[in-house]
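First to last, the sequence lines map onto chains A and B.
Position in the first sequence (from 1) plus 2 gives the number in the working numbering.
Position in the second sequence (from 1) plus 1 gives the number in the working numbering.
Some clues are possibly wrong.
Claimed, not checked - In silico contact screen, one side only, chain A against chain B (beta carbon under 10 Å); selected entries:
no., residue
1, 134
2, 172
3, 199
What the hints assert, rightly or not - Where chain B lies over chain A, by a calculated footprint (3+ residues, C-beta under 8 Å):
no., stretch
4, 55-61
5, 178-186
Hints in this document: simulated from the structure, not taken from any laboratory.
We treat Cβ as the ideally placed atom computed from N, Cα and C, and that holds for glycine.
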Amino acid sequence: MNLAFTLPALLVIPLIAVVLIALGSRPKATALWASIFNFIPGGLASGVVWRSGELLFGPEPIPVREVFPAKFILGMDGLSLSMVWLTLLVILTAIGSARVGIKREKEYFICLLLIGLGALGAFLSVDLFYFFTFHEVALIPTFLLVGMWGHGDRAGAAWRMTVYLMLGSMVLLVGLIGLYLALPETARSLDWRVLAATLRANPLAPGIQTLVAALLLIGFGALVSLVPFHSWAPGGYASAPAPAAMLHAGVLKKFGLYGLMRVALPMTPDGWREIGWIVGLLLAGNILYLGLASLQQRDFRWLLGFSSAMHMGTVFLGLISGTVLGLAGALTLMVGHGLSAALGFAVAGEISRRTGTSWMRDLGGLAQRTPQLWFYLMIAAMASIGLPGLANFAGEIMIFFGAWTTHPVLVGVAAWGVVLSAVAMLRAVRAIAFGPMSQAVEAEGVSDLQGVRETWPFAVLTLALLVVGIMPIVVYGPARPVLERLLVP
Amino acid sequence: MSAWFSLEILLTLAGVGLILIDSLAPEGIRRRTPLLALLASIGILGWSLYPESRTLPTSWLNLFVSDGLSAVFKPFFLLCLVLVIGMASRYRLEADETVRGEFLALPFFPTAGLCLLASARDFLAVFVALELVSISLYLLAAFHRAKPASLEAGIKLLVMGGLSTGFLVMGIAWLYAGAGTTEFSKLLLSQAGQGANPAVLVAAGLILAGIGFKVAAVPFHAWAPDVYEGSPTPVTAYLAVASKAAGFILLIRVFGIGAFALESVGEFFRPILLTLGIATVTLGTLAALPQRDLKRLLAYSGIAHAGFMILALGTRGEGGIGTVVAYLWAYLLASLPVLLFINELERLHGSTDMRHLDGMGRREPGPSLGFSLCLLSMAGLPPLVGFPVKLAVLANLWSAGETPALVVAVIMAVAGLGIYLTPIRVMYWEREADAIPARRFPPFLIWVMLAAGLLNVWLGLQPQILVRLAEKSLNPLPVAEAIRE
Chain A
3 MNLAFTLPAL
13 LVIPLIAVVL
23 IALGSRPKAT
33 ALWASIFNFI
43 PGGLASGVVW
53 RSGELLFGPE
63 PIPVREVFPA
73 KFILGMDGLS
83 LSMVWLTLLV
93 ILTAIGSARV
103 GIKREKEYFI
113 CLLLIGLGAL
123 GAFLSVDLFY
133 FFTFHEVALI
143 PTFLLVGMWG
153 HGDRAGAAWR
163 MTVYLMLGSM
173 VLLVGLIGLY
183 LALPETARSL
193 DWRVLAATLR
203 ANPLAPGIQT
213 LVAALLLIGF
223 GALVSLVPFH
233 SWAPGGYASA
243 PAPAAMLHAG
253 VLKKFGLYGL
263 MRVALPMTPD
273 GWREIGWIVG
283 LLLAGNILYL
293 GLASLQQRDF
303 RWLLGFSSAM
313 HMGTVFLGLI
323 SGTVLGLAGA
333 LTLMVGHGLS
343 AALGFAVAGE
353 ISRRTGTSWM
363 RDLGGLAQRT
373 PQLWFYLMIA
383 AMASIGLPGL
393 ANFAGEIMIF
403 FGAWTTHPVL
413 VGVAAWGVVL
423 SAVAMLRAVR
433 AIAFGPMSQA
443 VEAEGVSDLQ
453 GVRETWPFAV
463 LTLALLVVGI
473 MPIVVYGPAR
483 PVLERLLVP
Chain B
2 MSAWFSLEIL
12 LTLAGVGLIL
22 IDSLAPEGIR
32 RRTPLLALLA
42 SIGILGWSLY
52 PESRTLPTSW
62 LNLFVSDGLS
72 AVFKPFFLLC
82 LVLVIGMASR
92 YRLEADETVR
102 GEFLALPFFP
112 TAGLCLLASA
122 RDFLAVFVAL
132 ELVSISLYLL
142 AAFHRAKPAS
152 LEAGIKLLVM
162 GGLSTGFLVM
172 GIAWLYAGAG
182 TTEFSKLLLS
192 QAGQGANPAV
202 LVAAGLILAG
212 IGFKVAAVPF
222 HAWAPDVYEG
232 SPTPVTAYLA
242 VASKAAGFIL
252 LIRVFGIGAF
262 ALESVGEFFR
272 PILLTLGIAT
282 VTLGTLAALP
292 QRDLKRLLAY
302 SGIAHAGFMI
312 LALGTRGEGG
322 IGTVVAYLWA
332 YLLASLPVLL
342 FINELERLHG
352 STDMRHLDGM
362 GRREPGPSLG
372 FSLCLLSMAG
382 LPPLVGFPVK
392 LAVLANLWSA
402 GETPALVVAV
412 IMAVAGLGIY
422 LTPIRVMYWE
432 READAIPARR
442 FPPFLIWVML
452 AAGLLNVWLG
462 LQPQILVRLA
472 EKSLNPLPVA
482 EAIRE
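Produce the entire structure from the sequences given, and follow the hints as far as they go.
In structure tokens, the structure reads:
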């Protein structure tokens, strides 16, 4: 049986939910059912990928040359497999933990679904035009979510986030244009499978290759909050409503890393090696500078924002490691970080919703009052620190081993990152969860998570973190042949 | 025989007929003038899709030509006409209600002029066609006599239009002095293989300035914001889309493929066009950012769009010309619905200030969604139709190696997002404290705006359609045909 239809189905189901909600269906229930149903095509497609390594939907490449070569082709291989699963899980839990009864509920859930749709589409696209397009679909819903339902300086955060992401996207676009036009006219294609094969056989000239790789690094880097293009991230995530922060930090940010793996690494390998030292400097900036900055945070959501941006540095280390182990580690850490960031922002959202504050000074003694919330807070913090058994540890250790032979100094820097992140997180946990109960926590009406209805999103994320942490092979196993191909000179 | 049914003749007849009906027919029929005007324009639009409609009378053939470019742009102008007539029939004329018939009949005349312009192959024809357009537009801009701003707009357009015509005529005179002919193809032949003739260069510069006024390119842009703001909204739409497109057709004809496309002249003007484009795109974008009046905002945004198109033309390639053709269609599809929405907004609230949008996202979800999609399309965001054309501009600049222009275009495309997100922010974010007025949009607007939004999305995902249009416009290349003769 041909299961190719499952790929468009993954995009159509959320789209149908958007239309239904717009027409007046109950927002949360519809969105939730859509994200549950999406596991059916997701599961079927993954089955095929597990067995045969690849699943494609869309027109086969025709030799006829068209002026505008974009074709709507969806595909899933071992690399997109884990990204799609991450997206499905985070959409499900973000919608599951979203509040009902807020203002403009309809638009709220539509925006959340559209962010998820954009991410899924980007991870499934084989054609670079649609790859880029789907990512941009998420831009405006993010702007609206932060601006309409955010906290604190929501207007400033929304503008900063949108302008940075747009700037990153445009630089990325110029890089992609450059890549496309650098090819000889007969070999031009936007299909990354064709592109990668062409460029492996006939690499670009060194100068143009370095230029394109640099543009891609800046473009994708701005989307991933690589220093010095990071300043949108902490504030944006701190201001965003919890489900939006979960989706953005958990999933959408991985678009940039995924893009680097898909495009920059296999298509401009020499250019990527050429600018490797710049990437090294920048990622050290991510780890040390943002790590130190995260020590100074007084607001738990800002702390999470900084720590989320900081961990991107470690993933970049995996990307420049030049070994399959390092890349596999980067992929595992992408998944692990996605899950743990989603869990962290969900917990932060619950804490500030229940106590009315996310200032660590005003919190304290949460462990006594709300033991369940405390438990998930600990899981999120431990995952972020890199406790063995949780997904982030598996990713980090693979990156360290993979990068040791090529970049020993940077591995040392990244190890300091683990220390910094441990200090920041443990201090946060102490301030929030232990000590005497603060006024905000003691106040009447502060309640724990109630029953399965409120805990399941947290439980799902925790379970996923444990599964990937104990058996990271579920992530890098199917991706391994793809990653090996990325490194073939 | 079929030449008598050419679009220009039908348009003129329709315009005259509407004026006659409006002044002579009994009251019962007179009340139906808006419907008649709309039907007439739709009928002519439908007819324009048949190639027979573009057959010209044989006696015109040394001034006009029927080629791919005119085939692509005559329906463009007629589509503008249909939407402008639709808007004009709903525009609130207040004290001038009695003359609505004329308001509906007048747009037919500049449209006839634009259709002529689209096929012009001689500067004399260009001049006559442009005057027909300009004079009708002076009247239309000042039509809302009860409103001082409208009169001011009319005067400004008249003065600046006169200045522009002056540049153009001066240029044509120099051209005749320098090359001895005003016909595009003969110019091309007489200049081919020679070095640049200084008289021709002066002529080309003057003509460029004349066209610069039409497309509102910096430094000839100063009239646009005031005139756009003061004119009745349907006229603003006409100026913003049809009149601007006419300027670009001229640019394509004379600088892209025609008279001044030769190596000697073209290479001289390449840096000039690029500088003009950089200045236009920068000023348009930056000046649009703080605007609070929607029509003014669109005026500056239109300047920015003109800048992008000039940059594409400045690369001097076939790709650049095709890009401009596709860009104009994308611009039409995004900006006319926006202006339609503004027209209805003005009808309800009496002004086009952005504060009337406050909380619109909640009050009118359908039209607001369509409006937002069209605005985002103008911003050039995927998956909307504005994206592939902006992509094409950037790609052309890259392949021409114009790095400074490319950098400016990228920065301005990012800054431009701010222009179009501002109304969206007002519609969706702002407090909804202002008592929700009982005044509601008419139901048809929901469907029109949603359809427009979906069309923008669909074409954004299927840009091949625009590419084919652009290819058609250059096929056969009018120059090649001219050389063959």
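Hint check:
1. 134: holds, 7 Å
2. 172: Because about 5 Å separates residue 172 of chain A from the closest Cβ in chain B, which is inside the 10 Å limit, the hint holds.
3. 199: violated, 23 Å
4. 55-61: violated (count 0)
5. 178-186: holds (count 4)
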